[in-house]
Amino acid sequence: MSRGTETRQERPEDQDLVKKGYTFVKKIGSGSYGKVWLAEFHNDGRSMKLACKIVNLERMPPKFARKFFPRELDIIMWVDHAYVIRTHSILERQHQVFIFMQYADSGDLLDYLKKYGVLPEINAHIWFKQLTLGLQYLHGKKVAHRDLKCENLLLTKNFNIKIADFGFARYVVDSDGKRVLSETYCGSAAYAAPEVIRGTPYNPVMSDIWSAGVVLYVMVNPSMPFDDSDAKKLLRNQETRNWAFRSSVRDRLTPAIKDVVTRMLEPDVTSRITLDQILRHEWLSENTLKELVAEHDAMKKTKEQEKRAQPIPGQQALRVPGNH
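Residue numbers (full-length UniProt numbering): 1 to 324.
Take the hints with a grain of salt, since some may be wrong.
[Unchecked claim] Have a look at the derived ranges for each label pair, beta carbon to beta carbon: (1) Lys20 - Trp78: 19 to 27 Å; (2) His42 - Ser248: 45 to 53 Å; (3) Ala294 - Asn158: 19 to 27 Å; (4) Arg236 - Arg59: 35 to 43 Å; (5) Ser229 - Lys300: 38 to 46 Å; (6) Ser188 - Trp78: 20 to 28 Å; (7) Pro201 - Met77: 26 to 34 Å; (8) Arg198 - Ser30: 25 to 33 Å; (9) Gln15 - Lys233: 47 to 55 Å; (10) Gln15 - Ala294: 54 to 62 Å; (11) Glu282 - Val173: 30 to 38 Å; (12) Trp78 - Asp251: 43 to 51 Å.
[To be verified] The list that follows gives simulated cross-link-like pairs (lysine-lysine, DSSO-like), each with its CA atoms no further than 30 Å apart: (13) Lys290 - Lys115; (14) Lys67 - Lys35; (15) Lys141 - Lys129; (16) Lys157 - Lys19; (17) Lys233 - Lys114; (18) Lys178 - Lys67; (19) Lys35 - Lys49; (20) Lys129 - Lys157.
If you're looking for bench data, these hints aren't it; they were derived computationally from the structure. Backbone N, C-alpha and C fix where the C-beta goes; we use that ideal spot for every residue, glycine too.
Take the sequences, apply the hints, and build the full model.
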């Protein structure tokens, strides 16, 4: 920053953080209750990039501060998976909470799609597999995300997916281990399942499946499956399955990916495909991956196609989940 421009470490309340090895580089985002900064952590002569979400408790509505924020802090302190953002540390200073976490160098999925357009099916296969593995981990720990969307799927330097933003996440069982339903409207309408839009108690694990289905649709289509400008019309279109793959991509998508999306965007929650069924689906099989890789390689034979072809992100990392 230029001279005369305030930096985070010049603020009195941040001096203790600087002493602990944290420095703030630049602001990279903002939300309703705070801002996100690119930070660096220095320790024993080594440094690492981190993202720091600074939450202003004074700006937070009482219900959110009492109910949602404590849940978020509890969950992010222990999550540890290759395809979920890891928290480095959480520090509270005066009326602010500083959440230091992994920094995703390549932005989020929405920005990527805006820049490069729809994904080749091979890219969608790999990133969606990473998303479902991360979601499987969370659901296995009895946690539902409740706000899955392209903006909350971050991309690392090596272009691997990281599930982020647990502001609406919650445990799906009570203290006795009994499954509990959600009643809170969470997330963005464009990604929300019909049972969430309807306002009835819902199973958040299954609503996560719907939201992930919207994400997969958006990966390979140049638009959203539903228009969310009118809530009543949105719900009606969801319930009547009034959506379609766009004509510009329909013919080049495999029947398998179309089947996955269709079964995820099933309005009847009792008939909606489960996460285990998705992971066993033909489209996510190793054979399908090999076929898609072969097709991708064939596309690169001409110079013109080679210029248009996107690199396959995270292929090696997908096979060796520990290296990220």
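Evaluated hints:
For the pair Lys20 and Trp78, the beta carbons lie near 22 Å from each other, so the given range of 19 to 27 Å is met. The supplied range of 45 to 53 Å is met by His42 and Ser248, whose beta-carbon atoms lie about 49 Å from each other. Remark: the range hint 19 to 27 Å for Ala294 to Asn158 is upheld by a beta-carbon distance near 23 Å. Under the hint 35 to 43 Å, the C-beta atoms of Arg236 and Arg59, about 36 Å apart, fit the expected range.
For the pair Ser229 and Lys300, the beta carbons lie near 40 Å from each other, so the given range of 38 to 46 Å is met. For Ser188 paired with Trp78, a C-beta distance near 26 Å keeps the hint of 20 to 28 Å intact. A hinted range of 26 to 34 Å for the beta carbons of Pro201 and Met77 is consistent with their spacing of about 28 Å. The hinted range of 25 to 33 Å is satisfied by Arg198 and Ser30, whose Cβ atoms lie roughly 32 Å apart.
For the hinted restraint 47 to 55 Å between Gln15 and Lys233, the CB-CB distance of approximately 53 Å keeps it satisfied. Checked against the hint of 54 to 62 Å, the C-beta distance between Gln15 and Ala294 comes to roughly 57 Å, which is consistent with it. At roughly 32 Å, the beta carbons of Glu282 and Val173 sit within the given window of 30 to 38 Å. Between Trp78 and Asp251, the C-beta spacing of about 45 Å keeps the proposed range 43 to 51 Å intact.
Restraint check for Lys290 and Lys115: satisfied, since their Cα atoms lie roughly 27 Å apart, inside the 30 Å limit. Among the hinted pairs, Lys67 with Lys35 is consistent with the structure: their alpha-carbon atoms are about 20 Å apart, no more than 30 Å. About 19 Å separates the Cα atoms of Lys141 and Lys129, which keeps this hinted pair within 30 Å; it holds. For the hint linking Lys157 to Lys19, the alpha-carbon distance of about 28 Å falls within 30 Å, and the restraint holds.
For the given pair, Lys233 sits about 26 Å from Lys114 by alpha-carbon distance, which is consistent with the 30 Å threshold. Proximity of Lys178 to Lys67 is assessed by CA-CA distance (about 20 Å); at most 30 Å being required, the pair is judged to hold. Between the alpha carbons of Lys35 and Lys49 the distance comes to roughly 17 Å, so the proposed pair stays at or under 30 Å and holds. The hinted pair formed by Lys129 and Lys157 meets the criterion: a straight-line CA distance of about 18 Å does not exceed 30 Å.
In summary, this structure violates none of the numbered hints.
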